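S.K.: Sequence:
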Amino acid sequence: MGRIAWDHYLFTNPDSAFILAQLEYDMANKTGHKKFMAKALNTQGVAYYFRGDYSKAIETYEKSNKLFLEIGMKGGAASTMNNIGLIYQEQGEYGKALEYAEKSMIIYREMGKEEGIASAYNNMGLIYENQGNNPKAIDYYMKSLKIHEKLNEPQGVANCLNNIGNLYKGQAQFDEALKFYEKCLKLSREAKDNFSEANALGNMGLTYLDMENSSKALDLFEQSLKINESINNRQGIANAYNNIALVYQGLKEYDKALSYYDRCLPIFEENEDKEGEAIVMNNKANIYLELGQTELAYENAKKSMEISEEAGMIEQLRNGAKTLWKIYKMKGRYEDALRMHEKYLLFRDSMDSEINKKELYRQEFKFQYEKQLMADSISNSEAQKIKDAQIDKERAEKEKQTMKSYFLFGGLSLMIVFSGFIFNRFRVTRNQKLIIEEQKEKVDMAFDELEMKNTEIMDSITYAKRIQSAILPSTAQFKAKFPESFILYKPKDIVAGDFYWMYEKDGKILVAVADCTGHGVPGAMVSVICNYGLTHSVREYGLIKPNEILDKSRELVVEEFEKSDDDVQDGMDVAVVSIEQQQEGKSAQAINNSSKLKYSGAHNPLWIIRKDSEELEEIKATKQPIGKFKEAKPFELHEIELQKGDTFYLFSDGFADQFGGEKGKKLKTKNFKDLITSLSYLSMDEQGQRLDEFFEQWRADNEQIDDVCVIGIRL
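In this note's numbering, the protein residues as written are 1 to 715.
These are calculated hints, taken from the structure and not from any lab test.
One or more hints might be untrue.
As the list claims (entries may be wrong) - Label-pair restraints from in silico Cβ distances:
#1 Gln689 / Leu69: 39 to 45 Å
#2 Asn29 / Glu555: 47 to 53 Å
#3 Lys633 / Ser215: 28 to 34 Å
#4 Arg109 / Asp175: 35 to 41 Å
#5 His536 / Lys150: 56 to 62 Å
#6 Glu190 / Lys670: 51 to 57 Å
#7 Tyr532 / Met73: 48 to 54 Å
#8 Leu682 / Ala632: 38 to 44 Å
#9 Asp219 / Gly542: 39 to 45 Å
#10 Asp612 / Leu296: 44 to 50 Å
#11 Glu115 / Asp349: 35 to 41 Å
#12 Asp262 / Asp210: 23 to 29 Å
#13 Glu62 / Glu270: 19 to 25 Å
Stated by the list, open to error - Lysine-lysine pairs mimicking DSS-like chemistry, simulated, CA-CA at most 25 Å apart:
#14 Lys96 / Lys113
#15 Lys665 / Lys490
#16 Lys322 / Lys343
#17 Lys673 / Lys633
#18 Lys56 / Lys30
#19 Lys479 / Lys611
#20 Lys598 / Lys508
#21 Lys644 / Lys623
#22 Lys136 / Lys169
#23 Lys146 / Lys183
#24 Lys136 / Lys66
#25 Lys644 / Lys665
#26 Lys74 / Lys150
#27 Lys66 / Lys96
#28 Lys35 / Lys56
#29 Lys113 / Lys63
#30 Lys623 / Lys663
#31 Lys545 / Lys644
#32 Lys552 / Lys508
#33 Lys169 / Lys216
#34 Lys644 / Lys596
#35 Lys179 / Lys150
#36 Lys56 / Lys34
#37 Lys611 / Lys665
#38 Lys620 / Lys644
#39 Lys492 / Lys673
#40 Lys644 / Lys508
Note that this is a predicted model, so its numbers are computed, not measured.
Glycine included, every Cβ here is placed at the ideal spot set by N, Cα and C.
Take these sequences, add in the hints, and give me the full structure.
M.R.: Shown next, in the form of structure tokens:
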């Protein structure tokens, strides 16, 4: 289970990795396997890191480190120390970061573990780079790169290439920087490392931005944002927002720039990313300066400088000093302006020293030379190793014979005196050891068997997820038909019982939201059958009226379940609508002005909010499910005239049934109605985002009790 979490989910879906690691920890805790407990905690720590929850990541790593040290697993302890150092580096606490990285490196050296040494070197390079010490940074990056290349580790090589690219970019060597970034991007994609891929795209975007190619930069930033959103990398999302803001700031589209800065700043604050906070505040200060709002500019620049001074960030101190210098000049505070200009020059000289440029080229040449030298002399090296080994072996044999002579007589004497006692204790100890080993073997076998079964189960669930994803319409497909719409889809587990559906036939677009019996794997299995019922009713039987589709779907679903020997009572609640244009000759996408909507529901109603109205209309559903029902009757059909700007909503019961709030109670349908009504004036994208935010705030630490699916469409 731990391997599944790490290999298949950690870099693509940290939330799923966290859940799998928690399951591994729970099982290991019950059986007392501290090794697996420590590994699970380490995986959770990495998941927290990718989610941007740095305080939780450090807390979890510390627990993992303690367990690793208790059981004498030095490698695990070194790994967690390295990870903790990486987080402190992200937060701008470079002293602590360096302390943990050095501790990690010492342990790895004692163990002779080259992969770990390379990782520690890389982190130390990052720390020195952020402190503006480029010679030391490149030295450690090159050390790390040599080891990763020797061990043939593409992910490690990609990471080093990315960091070296950053140094070239910092020295305005943009063509060289792009070469390293492109190599990094290629390796990241080959290794399917989404995290590094998004990072490389972002860095390439920053390079093109420095080269004043705004359109190329914006495209790369949006690619990076999309990948970061797909893996829920909060820090990466914030970085992408910040970078997009930089593009708009350069284009003097200040409203857009401030909007993106306001999106990323709360994430940086939440993650305690001091560098991110300082950068955003300084950038906002420069925008306010351009707009002539000197007080707002001063507040942001001053705060940026305070954060930078506290964290010792030379580059941000340079940028902040430059901004404050301009602000003081505009405010007529010339003495303060002169003082700040002197600070700016001091920090600029420290960052842009010609020595750093020369050291960068010297170290790269040294690396290439050593690499070639190593290839040329490898045969001599191997021969010398064999010779040295033979000498060491002969020396050891001589020492061994000498020691044998010294201790032979004393050893024989002691054996005679204590032989009886030792024999007796040996017999007791052997019996105890056999019992303990037998018990441990049984526990290990049971644990391995359990892990194997869980691996098989997770493989099946993963496959089920792929099947379920394949039958759902994509967001792009949905937006093509309904540009003004949102889909809020939040499965409780990896797979879900809720699903949404869309089909186009004869100039009409059919849309449904369904809630199948159960959630997780059982719910997903039912959802596949019910989805089949809806699609088959339209495709094979040519039905387009929602009530007729539900009648036929019920027939098909019941028929499928009756094939089983068991009395299966499963089914679904669903709302189906068809949208038909009044005008002749228009395409299905061109829904405008007056439209006729037909609706039929099994338990699930339809909600409508008219344009310029604050009233929510509810169209009641037929009180029966799709499935076996003693008093089954035909489903009712409702026809409604809608105008352009009217909005309707389809949903399952998962949102309203969620427990949360201060008292831990259900939200309930009435409050859900009020929430929808209060948000109806917003754009559809904003409504979807606000609903998602509200749900998470309402739920807080409570478990999500059911799948959630809400669709809103504005005509």
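S.K.: Look at each hint and say if it fits the structure.
M.R.: Status of each hint after checking the structure:
1. Gln689 / Leu69: 39 to 45 Å: Since Gln689 and Leu69 have Cβ atoms about 44 Å apart, the given range 39 to 45 Å holds.
2. Asn29 / Glu555: 47 to 53 Å: holds (49 Å)
3. Lys633 / Ser215: 28 to 34 Å: The hinted range 28 to 34 Å is violated for Lys633 and Ser215, with Cβ atoms some 60 Å apart.
4. Arg109 / Asp175: 35 to 41 Å: Holds: the Cβ-Cβ distance is about 37 Å, inside 35 to 41 Å.
5. His536 / Lys150: 56 to 62 Å: holds (58 Å)
6. Glu190 / Lys670: 51 to 57 Å: Roughly 53 Å apart at Cβ, these two residues keep to the hinted range, so it holds.
7. Tyr532 / Met73: 48 to 54 Å: The hinted range 48 to 54 Å holds for Tyr532 and Met73, with Cβ atoms some 50 Å apart.
8. Leu682 / Ala632: 38 to 44 Å: holds (40 Å)
9. Asp219 / Gly542: 39 to 45 Å: holds (44 Å)
10. Asp612 / Leu296: 44 to 50 Å: About 36 Å separates the Cβ atoms of Asp612 and Leu296, which means 44 to 50 Å is violated.
11. Glu115 / Asp349: 35 to 41 Å: Check passed, 38 Å falls within 35 to 41 Å.
12. Asp262 / Asp210: 23 to 29 Å: holds (24 Å)
13. Glu62 / Glu270: 19 to 25 Å: 20 Å Cβ-Cβ, so the 19 to 25 Å window holds.
14. Lys96 / Lys113: Holds - the C-alpha atoms of Lys113 and Lys96 are around 23 Å apart, at most 25 Å.
15. Lys665 / Lys490: holds (20 Å)
16. Lys322 / Lys343: holds (8 Å)
17. Lys673 / Lys633: Violated - the C-alpha atoms of Lys633 and Lys673 are around 29 Å apart, more than 25 Å.
18. Lys56 / Lys30: It holds: about 23 Å lies between the C-alpha atoms, which stays within 25 Å.
19. Lys479 / Lys611: holds (20 Å)
20. Lys598 / Lys508: Given that 25 Å is the threshold and the Cα spacing comes to 10 Å, the pair holds.
21. Lys644 / Lys623: violated (30 Å)
22. Lys136 / Lys169: Given that 25 Å is the threshold and the Cα spacing comes to 17 Å, the pair holds.
23. Lys146 / Lys183: Status holds; Cα separation ~16 Å.
24. Lys136 / Lys66: Judged against 25 Å, a Cα distance of about 31 Å means the pair is violated.
25. Lys644 / Lys665: Status violated; Cα separation ~38 Å.
26. Lys74 / Lys150: Roughly 23 Å separates the two Cα atoms, so the pair holds.
27. Lys66 / Lys96: holds (18 Å)
28. Lys35 / Lys56: Satisfied, since the Cα-Cα distance of roughly 21 Å is no more than 25 Å.
29. Lys113 / Lys63: holds (23 Å)
30. Lys623 / Lys663: Outside the cut-off at roughly 31 Å; violated.
31. Lys545 / Lys644: holds (22 Å)
32. Lys552 / Lys508: Holds, because 18 Å separates the two Cα atoms, which is no more than 25 Å.
33. Lys169 / Lys216: Holds. Lys169 to Lys216 sits at ~16 Å (cutoff 25 Å).
34. Lys644 / Lys596: holds (11 Å)
35. Lys179 / Lys150: holds (21 Å)
36. Lys56 / Lys34: holds (20 Å)
37. Lys611 / Lys665: At roughly 33 Å apart (the allowed maximum being 25 Å), Lys665 and Lys611 break the hint.
38. Lys620 / Lys644: Answer holds: Lys620 to Lys644 is near 23 Å, not above 25 Å.
39. Lys492 / Lys673: holds (22 Å)
40. Lys644 / Lys508: It holds: about 17 Å lies between the C-alpha atoms, which stays within 25 Å.
In summary, the structure is inconsistent with hints 3, 10, 17, 21, 24, 25, 30 and 37 from the numbered list given earlier, while agreeing with the others.
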